[in-house]
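A.B. asks: Generate the whole structure from the sequences, applying the supplied hints.
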Amino acid sequence: MNLPEDFVFSQGNLQDYVDCPRRFELKYLRRQRWPAAEVDDMAAFERHLEQGDQFHRLVQQSLLGLPEETLRSRINDDEVARWYDAWLANGLAEVPAQRWPELTLTARLGKWLLLAKMDLVAIEPGGAALVLDWKTGRHQPRPERQAQRLQTRVYRYVLAEAGARLNGGEAIDQTRIEMRYWYAQHEGDVLRFPYDEDQYKADGRFLRDLAREIDSCEVFPLTEEVRRCRFCVYRSLCDRGEQPGSLAEWEGDEDMALPTDALDIDALDEIAF
Amino acid sequence: MYLLVKQQQVARQNLDRKIFLEGLAGTGKTTAGIERVKQLLQAGVPPSAILVLVPQQATGLPWQDALRRSRAPGSAEVRVTTLGTLARELLELFWPLIAADTGCAQPLAPPRFPGLELSQYLMRRFVGGEIERRDYFRGVTISRNRLYTQIVDNLNKSALVGFPPEEIGSRLKSAWRGSSEQAFIYDDAQACASLFRAACLRHNLIDFSLLIDILRKNLWPLENARGYLTRRYRHLLVDNLEEDTPTLHDLLRDWLPQCHSALLIHDNEAGLRRFLGADPAQAHSLRALCDLGVTLDRRRAMSVDVAALHHALAKTQGREAGPMPKGGNGRAAIRWPGRARWHPQMIDWTVEHVARLVHEEDVAAREIVVVAPFMPDALRFALQTRLDERGVPHRSHRPSRALRDEPEVRALLTFARLAQPAAGLAPDRFDVASALLSAIEDLDPIRARLLADALYRDGGLLPFEHIRDTRLQQRITFQLGEKYDRLCSWLARVPAEQPLDLFFSAFFCEVMSQPGFGLHRRESAGATVANLVDSARNFRRLLTELDPEASVTADYLRMVEEGVLANQYLRDWELDRSEGVLLAPAHTFLMSNRPVDYQFWLNVGNSGWGRRVYQPLTHPWVLSRHWEPGRKWLDADEEAAGAESLANVALGLLRRCRKRVYLGISEYGERGMEERGPLLLALHNMQHHLSSGAADV
Ligand code: SF4
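From first to last, the protein sequence lines are chains W and U.
Here the first sequence is numbered in this note's numbering, starting from 1 and rising by one per residue.
Here the second sequence is numbered in this note's numbering, starting from 1 and rising by one per residue.
Please note: incorrect hints may appear among the correct ones.
Claimed, not checked - Listed below are several chain W residues computed to face chain U (Cβ distance under 10 angstroms; list not exhaustive): (1) LEU26; (2) TRP34; (3) GLN51; (4) LEU66; (5) LEU103; (6) LEU113; (7) GLN148; (8) SER236; (9) LEU237.
Honestly, the hints are just simulated from the structure, not real lab data.
By construction, the Cβ of each residue, glycine as well, lies at the ideal position given by its N, Cα and C atoms.
C.D. replies: Here it is as structure tokens:
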């Protein structure tokens with residue numbers, strides 16, 4: 001058995017496994033840090049991630065009720081300002097009023113847990129139950145592709161499994177659930193993915209099988225899709241090339257690329273006085 | 001899980017009440033707390049309504065691990081965090097509402113969080129020049145970095161304890177009973193603290209002290225911000241309350257009445273973080289706000305023999321020892337060494353016994369800890385190499401060297417100097433040879449030196465073909481020469497303005513970790529370089545915002561040389577989850593709150609056990625809330641504080657030991673001086689309280 005007792009699955013680590021089992025092993029089982037660049041233009045990439053971060057915070061502040069004018073007047077980046085305006089215009093269109101921003105839910109997955117951190121969940125009593133995700137990347141994927149992403153499958157599944165506490169203790173019927181991606185760089189275009197019982201059952205089977213496979217697999221092979229390695233920090237560790245891929249071709253998920261901000265404010269006693 | 005009746009009162013009953021749970025370490029308080037969380041979840045409390053607060057991240061790990069391991073629905077969602085992290089989250093979210101009242105000069109711009117490493121740099125930048133100009137701290141013989149740390153520490157204390165930063169100097173001075181000429185250093189400390197704070201406000205730099213100050217003055221009084229926490233987290237659990245600060249205690253006074261339930265866990269006879277502002281007395285006063293008090297007094301961790309040892313040592317230390325544990329043989333729980341005269345013999349003895357436990361008695365390595373009052377690099381390195389020789393896995397609270405002293409980091413710094421000649425910091429020949437040695441696989445020190453001698457000219461590396469002497473070429477070999485050329489041509493292509501962090505990561509990935517080069521598949525080197533990249537990136541981001549004209553690369557390289565940056569290695573707490581014998585300062589182990597079967601106490605004769613670290617510019621007792629204004633700090637106070645600290649540490653260690661303690665003693669310490677510190681004396685005095693025959697090895 002590979003997984004430590006306290007291991008928790010998420011859309012991120014499952015997507016990594018599906019993309020490349022070796023990456024899953026390095027990142028989550030061996031916790032290997034490897035300081036390579038994801039893309040060729042790291043300065044632009046970093047700026048983009050910061051913009052994404054700023055935008056997500058603005059939305060969270062707005063949902064917490066901070067005055068729009070106060071928020072708007074402080075944006076010092078034109079692109080973020082445009083995204084925010086677009087979000088104000090239609091980001092919450094047809095979104096039920098009962099809202100849980102930055103919500104984390106977990107569901108059982110066989111003997112493990114499956115965790116989902118959602119930008120926003122909104123539920124209409126007896127009506128729609130939406131999971132919303134704000135995307136700030138340039139690339140808007142084709143719907144067929146996005147439907148297969150682990151995020152789409154995991155978030156809807158987790159809401160169906162663990163959403164009862166948002167719904168007066170009643171499990172949410174799958175047909176009420178929808179995953180909605182909102183694209184800041186595409187004037188607030190949305191991709192919607194409704195749910196139903198068949199898909200829910202298929203997702204459950206798929207995710208449980210995947211978890212079992214990961215736990216029992218003896219070797220974590222390198223992906224056969226070598227083009228993935230261009231955007232993977234481990235490429236020199238795997239002898240899969242030197243140069244990172246071009247930012248223009250990067251189709252990754254900014255949620256997964258955000259640098260982990262090592263917060264050291266609690267490490268004061270490590271200083272030698 | 002089997003729980004004692006009193007644990008059940010906390011874990012399974014009274015789920016809607018506020019409980020003050022106290023007891024010595026190792027009596028099962030945290031276990032009861034973790035079970036209470038599971039019970040709350042089972043009772044239908046949403047995990048998002050539960051908050052576990054701990055004084056530092058390490059103390060939270062047992063909670064996170066146990067909750068995740070339980071795999072109970074919702075258990076992985078329960079938030080386990082510190083006050084500092086919550087404060088930062090609040091500040092980021094509510095900055096637009098409070099910025100204008102914080103005193104920050106740019107309320108429309110976002111706040112910046114420099115973190116610990118950069119606070120040192122900022123201290124140097126904002127205060128260093130003034131110290132030189134005004135000749136501050138004349139006669140104080142500590143390094144500049146430690147001096148900065150203590151100024152930062154004073155500011156932190158003012159925020160955490162809750163007194164104005166302008167009072168730092170006067171408070172310290174009023175307790176000083178030495179000569180008045182000496183007291184000027186407190187004025188200097190005050191001037192530096194004020195300068196630093198003013199500069200932070202000018203640039204929206206929120207260091208830890210300012211963060212806590214803003215939390216107290218601006219965020220907590222703001223209904224929106226306070227409600228963000230109090231409305232969300234209706235069920236509070238606070239572990240190691242005695243290790244937390246008056247700021248948290250003040251907040252809890254407001255917060256507790258609004259909670260649906262609470263559990264405050266207090267370790268009696270602790271207060272190990274007093275030097276960071278912990279206030280056990282004030283923590284205990286929160287008992288009055290709870291509906292129910294529960295005291296756990298049955299040891300859960302210590303075996304009966306260790307309990308007997310604890311009893312004897314507590315008596316020696318004048319602590320309440322309670323009844324002698326029945327059937328306990330304290331001598332069976334302690335191993336005295338044979339005669340070790342010199343320090344290395346003590347280390348050998350330690351490693352031999354650790355190896356015996358692991359290899360012959362099948363003890364899991366994670367069940368062993370080796371502690372010392374301090375764990376200097378030399379001691380850690382000596383232990384690590386000897387444990388490696390004996391095949392014993394180990395882990396450390398930090399790597400054996402500061403980041404800047406790791407060979408791969410030194411090599412990258414040298415290559416950065418070569419690649420950025422405009423910085424005007426050409427490396428010396430010796431460094432170039434060492435860097436080549438690290439970078440090129442199969443290169444040995446002699447050939448590295450030959451390459452550097454032959455091809456390092458005027459701050460740059462010439463191609464291999466510049467060696468005209470064919471014997472020399474053959475001696476170095478064309479194969480190595482080819483790799484050398486690859487490295488040089490890569491360096492030659494580096495754009496002049498490439499930020500240093502990007503240089504490090506690109507050079508690492510495209511050259512040093514490629515097949516045929518020195519860091520190929522070197523996983524630990526990858527992790528080390530990742531830390532360097534973080535350090536350089538954080539520096540670049542901060543400096544370009546502070547001073548767009550600054551030459552970031554040259555400044556960074558200079559700061560590393562001066563020991564201001566890449567000097568500490570802030571720990572990756574995830575390491576605590578790995579297996580292996582833990583090598584750590586006693587204090588670090590104590591705060592991790594994880595009992596082990598076997599402990600090795602090293603340098604038992606060292607006076608560092610129970611003596612304050614020399615901190616001439618700050619004072620944890622004088623800057624606490626309990627210090628009477630105007631009272632002098634006397635020798636008797638110093639002695640009492642030392643005795644209290646010794647008892648807390650030594651007894652605290654025993655409470656986290658299940659089976660046996662090994663004492664590492666040598667007549668002469670690391671510096672070759674005879675050592676007879678207070679712990680050694682206490683242990684000798686304890687002997688006659690122990691029951692049966694000695695168990696020497
Ligand atoms: S470099 Fe390629 S093979 Fe290696 S972990 Fe990354 S994606 Fe997988």
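A.B. asks: Would you mind marking each hint as holding or not holding in the structure?
C.D. replies: Comparing the hints with the structure gives:
1. LEU26: Holds: closest Cβ of chain U sits about 9 angstroms from LEU26(W), inside 10 angstroms.
2. TRP34: Because about 4 angstroms separates TRP34(W) from the closest Cβ in chain U, which is inside the 10 angstroms limit, the hint holds.
3. GLN51: 13 angstroms, violated
4. LEU66: 6 angstroms, holds
5. LEU103: Where the cut-off is 10 angstroms and the nearest Cβ of chain U is about 7 angstroms from LEU103(W), the hint holds.
6. LEU113: With a closest approach of 5 angstroms, the LEU113(W) hint holds.
7. GLN148: Status violated, d = 25 angstroms.
8. SER236: 4 angstroms, holds
9. LEU237: 6 angstroms, holds
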